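Novice: Chain A is fixed; fit chain B onto it per the hints.
As they're listed, the protein sequences go chains A and B. Read in order, the letters of the first sequence correspond to residues 1 to 139 in our numbering. Read in order, the letters of the second sequence correspond to residues 140 to 441 in our numbering.
Be careful, since some hints might not be right.
Stated by the list, open to error - Derived contacts from chain B toward chain A, CB cut-off under 7 Å, selection only:
1) P156
2) L157
3) D158
4) M164
5) P168
6) R172
7) A195
8) E196
9) N222
10) V223
I should point out that these hints are in silico values taken from the structure, not numbers from a laboratory. For clarity, every value in this text was computed on a predicted model and none was experimentally measured. From the three backbone atoms N, C-alpha and C, an ideal C-beta is built for every residue, glycine too.
Residue-level listing of the chains:
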Amino acid sequence: MAFARLSEGRVVARGIAERLDYRRSGGRLLAFEGAATIYPQPNTKLAPLGPLHLMASRLEGEVPVRRGTASSGVRMDATRGDTARTEQVHLDGEILRTDTRVFARGPGYAVESNGLLARTDGSAVQFTGGVAGQLQVGQ
Amino acid sequence: MIAPALVLAVAALPPGPLDFKAREMRIEPHSRRVFLDGDVQLVRGDLRVSGQHAEAEYAEQAAAKKAPRRKTRTPEADLGGQNVERFTVDGNVHVQRGSRTADGERGVVDVPAQTLVLTGTALAPPVVRDGTETLSGDRILLRLDSEDVDVVRPRVVLRRSVAEEGPAKPAIPVKVEADRLVLMQARKLARFTEDVVIRRGDAVVRSPRMDARYGADGELTRLELRGGVDVRQGDRRATGQTADYDAKSRTLVLQGDPKLYDQGDVLTGERIDLALDSKEVRVERAKGRLRPEAHKGEGGTP
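One chain only, chain A, in its complex shape (with noise of 0.2 Å):
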């Protein structure tokens, strides 16, 4: 199935899954082999990355609140070039957060670390729990 989320008069989400429920009185949602595009808003800290693919295979949570958790493989790519894999991911509000170990690159930079925090506007992309990875040096 395929779902689109508007706001504004602008669609601001696309995505499809596999399998989708939806339980309209508590706003629950559990969906399986889902993948997402979220297009950040112009003129955000999250637009110089564009459009945000996410893929996970099992995502549920609360949408009226914005709380819920991706898990059984989470992975995040920018159109500008980054990616990042984990096993799961948790949202509350405008709050990203994991603890397990997350993979990640992009250009001018590689990064394993053993979690994450960052802010859906894109203000604040932080990797935890020490890190370790390389990044690009010019000439």
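Specialist: Using the frame of chain A, we list chain B on its own:
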């Protein structure tokens, strides 16, 4: 001697990935910056830099696109897209390259310029060490593509220069202060400029410029002072346009209208040799004014 000891065989910081470790990493794509916090370690080839915080600034993307892409041996060797052109490391910065180490409060690596600039605080200036040799100053610039070091207001103790005095004699350290020091390893030369002051025991020598030359093993062979020299040792003062210090004989030779002032005596000549240890003076083609009464009671020392 400090200059060759501090300037070791190094290669330029090559393009490619730089390894890092830290407690946390923050990415700011909009400002093209990566921040590392907590026990930061940066490693590239034989260069290791550690500190508490680091900030990596990526080049403008347009400039990065213009940069020629290098063929790499492994996919991991090229992270693609953007290149870091500047690192700033703060907080107990420690640099290691070969046997040379350096410490400071802040280190800035400018990749296009191939330099690492270390600064410190008034109480803890940046320091470069190699073995027992130590060099500090207000600002230390290490060149990454050559073996040269540029120091603003250096404070140097030339320990190895006094090794030839032998174990029987206590070593007298030679301390050098100046506004600027450039170490040029290829020429085995350390050039001190602007208000150079050399202190050795009770001898103080001042000159606008001094070149220190070294032998193959890093030992001091010669000091060359130019542009006017003023030597004071006890009550004695000597001046000249140039002075050359020979490390083996530990003798300072003044030339260029040299003059010696000693308790009322004034001597001039073609050349004045001052032996800094024995305090003996030799004046060639001397002429001047002597006041023997001023030397009554002296025990044979001129």
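Novice: Take the hints in turn and mark each one as holding or not.
Specialist: So, going through the hints one by one against the coordinates:
{"no.": "1", "hint": "P156", "result": "holds (4 Å)"}
{"no.": "2", "hint": "L157", "result": "holds (5 Å)"}
{"no.": "3", "hint": "D158", "result": "holds (6 Å)"}
{"no.": "4", "hint": "M164", "result": "holds (4 Å)"}
{"no.": "5", "hint": "P168", "result": "holds (4 Å)"}
{"no.": "6", "hint": "R172", "result": "violated (11 Å)"}
{"no.": "7", "hint": "A195", "result": "holds (5 Å)"}
{"no.": "8", "hint": "E196", "result": "violated (10 Å)"}
{"no.": "9", "hint": "N222", "result": "holds (3 Å)"}
{"no.": "10", "hint": "V223", "result": "holds (5 Å)"}
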